[in-house]
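Novice: The lines below spell out each chain.
Number of protein chains: 2
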Amino acid sequence: MPLQARYEQIAADLRARISAGEFADGKLPSERELGEHYGASRNTIRGALGQLVNLGIIRSVKGLGYEVPSRTPLIYYATASEKAKRRSNAELDIWFTDVREQGRVPSQRLTVRHGSAPADITTLLNLDPDAEFAIRDRLRYVDDEPWAISTAYWPKVLFAGTPIMEERDLHPGPNRIAADLGYPQPRLHDRITARMPTADESRILGMDPGIPVHVHTRIGWTGLDDTAIPVRATVNILPADRWIIVYEERADD
Amino acid sequence: MPLQARYEQIAADLRARISAGEFADGKLPSERELGEHYGASRNTIRGALGQLVNLGIIRSVKGLGYEVPSRTPLIYYATASEKAKRRSNAELDIWFTDVREQGRVPSQRLTVRHGSAPADITTLLNLDPDAEFAIRDRLRYVDDEPWAISTAYWPKVLFAGTPIMEERDLHPGPNRIAADLGYPQPRLHDRITARMPTADESRILGMDPGIPVHVHTRIGWTGLDDTAIPVRATVNILPADRWIIVYEERADD
DNA sequence: GAGTGGTCTAGACCACGTC
DNA sequence: ACGTGGTCTAGACCACTCA
Numbered sequence: 007m008p009l010q011a012r013y014e015q016i017a018a019d020l021r022a023r024i025s026a027g028e029f030a031d032g033k034l035p036s037e038r039e040l041g042e043h044y045g046a047s048r049n050t051i052r053g054a055l056g057q058l059v060n061l062g063i064i065r066s067v068k069g070l071g072y073e074v075p076s077r078t079p080l081i082y083y084a085t086a087s088e089k090a091k092r093r094s095n096a097e098l099d100i101w102f103t104d105v106r107e108q109g110r111v112p113s114q115r116l117t118v119r120h121g122s123a124p125a126d127i128t129t130l131l132n133l134d135p136d137a138e139f140a141i142r143d144r145l146r147y148v149d150d151e152p153w154a155i156s157t158a159y160w161p162k163v164l165f166a167g168t169p170i171m172e173e174r175d176l177h178p179g180p181n182r183i184a185a186d187l188g189y190p191q192p193r194l195h196d197r198i199t200a201r202m203p204t205a206d207e208s209r210i211l212g213m214d215p216g217i218p219v220h221v222h223t224r225i226g227w228t229g230l231d232d233t234a235i236p237v238r239a240t241v242n243i244l245p246a247d248r249w250i251i252v253y254e255e256r257a258d259d
Numbered sequence: 007m008p009l010q011a012r013y014e015q016i017a018a019d020l021r022a023r024i025s026a027g028e029f030a031d032g033k034l035p036s037e038r039e040l041g042e043h044y045g046a047s048r049n050t051i052r053g054a055l056g057q058l059v060n061l062g063i064i065r066s067v068k069g070l071g072y073e074v075p076s077r078t079p080l081i082y083y084a085t086a087s088e089k090a091k092r093r094s095n096a097e098l099d100i101w102f103t104d105v106r107e108q109g110r111v112p113s114q115r116l117t118v119r120h121g122s123a124p125a126d127i128t129t130l131l132n133l134d135p136d137a138e139f140a141i142r143d144r145l146r147y148v149d150d151e152p153w154a155i156s157t158a159y160w161p162k163v164l165f166a167g168t169p170i171m172e173e174r175d176l177h178p179g180p181n182r183i184a185a186d187l188g189y190p191q192p193r194l195h196d197r198i199t200a201r202m203p204t205a206d207e208s209r210i211l212g213m214d215p216g217i218p219v220h221v222h223t224r225i226g227w228t229g230l231d232d233t234a235i236p237v238r239a240t241v242n243i244l245p246a247d248r249w250i251i252v253y254e255e256r257a258d259d
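If you're matching them up, the sequences are chains A and B in order.
Using this note's numbering, the first residue of the first sequence is number 7, and each one after it goes up by one.
Using this note's numbering, the first residue of the second sequence is number 7, and each one after it goes up by one.
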């Protein structure tokens, strides 16, 4: 009969109390205490708290209790022209510079596979579904904690026999190498989706429940017209509580 | 003792069966059937199914069962220069053209409030926290279903007494009007975050659980240097299963 | 009416973290 | 040892949908 389920009401009430700053120390009362306060069974309270967890509003720590998390996200500068401007003093790649400029310590672990790419990638690249790639997986760390997953797909037909195929960090970066080989990328196509992380992503990145990921995909083309060919695809998995994506643009009209 | 909770195992198994295409018709067995199949109580099965719902993998329909949803997202073209290129034949604003070009029917409902803006907006605009704005709320529909929420903040100090203050659709659009008033926006700052929707957003947009929203914020400035002043902030709430954000870029190096 | 998911209770045992 | 959240059971009643 109630307009709203008991646990929904409790969830809404808790949410309001949190926004009002009632739990300024970031710690909530225990499930059993809340059960007494609201006159509900522990499982009903768990329903309310579980809802807030799934929205990323609170976090549970086993053996301790529930707490209100707080993070200050890093900025992921996605603007191509901005990047180009600063490429002169870039090291491994511009990502390192970006993170360092925000006062954090970047690092990465690289692995290279060889094989085909997911269907959505080959579609975006306008290549055969069974085209072969060198797949450069980079697990990127900030302050020694896994912070993002970056996967780059380089077509074998273009880069067989080049350093891009090899499992080692490249100096200068692969984009510069590709340009020197005759495959510059004057045109970029960026595509941003958001979803909940897969089980693997959640585990690798140590993510809390209720936090989505950005999926930032970049395709590079050799030219601006129909004769252009795709140089690479890069897919970045960015936990949404750790990254804000920023584009700086100049409208040219 | 088990490495993984019972309901986690069941969730993982169901997930695998879904990926394998076992439920090609999109319908899952009932909770009670699954309970018998896995030899678990109904509440344990509900735990497994609930996890998949919270990841946006399945959806429950009261009185019917669980199903695997499928949507084909629209493309949200965010590139400023691309927009500028097509602005000549734009109608109300470029969003309508974009949606129409994808074979869908756009419409919107506008309301205008007057007041202050959230703290994060005034910070981005580099204005006082209690600065006054005309706040133009647009609930945007696609094929007559609410599909996105777009809120624009226009500083009163610039636009008092202009049509931008009034509660009516503007022809040409507000950006053109602002430019004609001496406030063009040659520089744009875009910022993209992702999070789970608030209760209000979820209700207004009719969203399923487990689906995040993109928050696309655009700030327009009158110039490229330090003397530039902020013209407006626009915040778009885009359900992630309905929108992909796309930027087309030309690297100018 | 029969089947579905939605909710809630009461109680049990477990693993984890602090004291 | 104690309190915390994590899990699971068994059973109950409800509202909704479809035949």
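Warning: the hint list may mix true and false statements.
[As the list claims (entries may be wrong)] Reference excerpt, derived from the structure (chain A facing chain B, CB under 7 Å, subset only):
(1) Val59
(2) Ala86
(3) Ser122
(4) Asp126
(5) Thr199
(6) Val241
I should point out that these hints are in silico values taken from the structure, not numbers from a laboratory.
Fair warning: this is a prediction, and the values are worked out from it, not measured in the lab.
Idealized CB from N, CA, C, for every residue including glycine.
Novice: Each hint needs a verdict: does it hold in this structure or not?
Specialist: Hint by hint, here is what the structure shows:
no.	hint	verdict
1	Val59	violated (9 Å)
2	Ala86	holds (4 Å)
3	Ser122	violated (18 Å)
4	Asp126	violated (11 Å)
5	Thr199	holds (5 Å)
6	Val241	violated (14 Å)
Checked against the numbered hints given earlier, the structure breaks hints 1, 3, 4 and 6 and satisfies all the rest.
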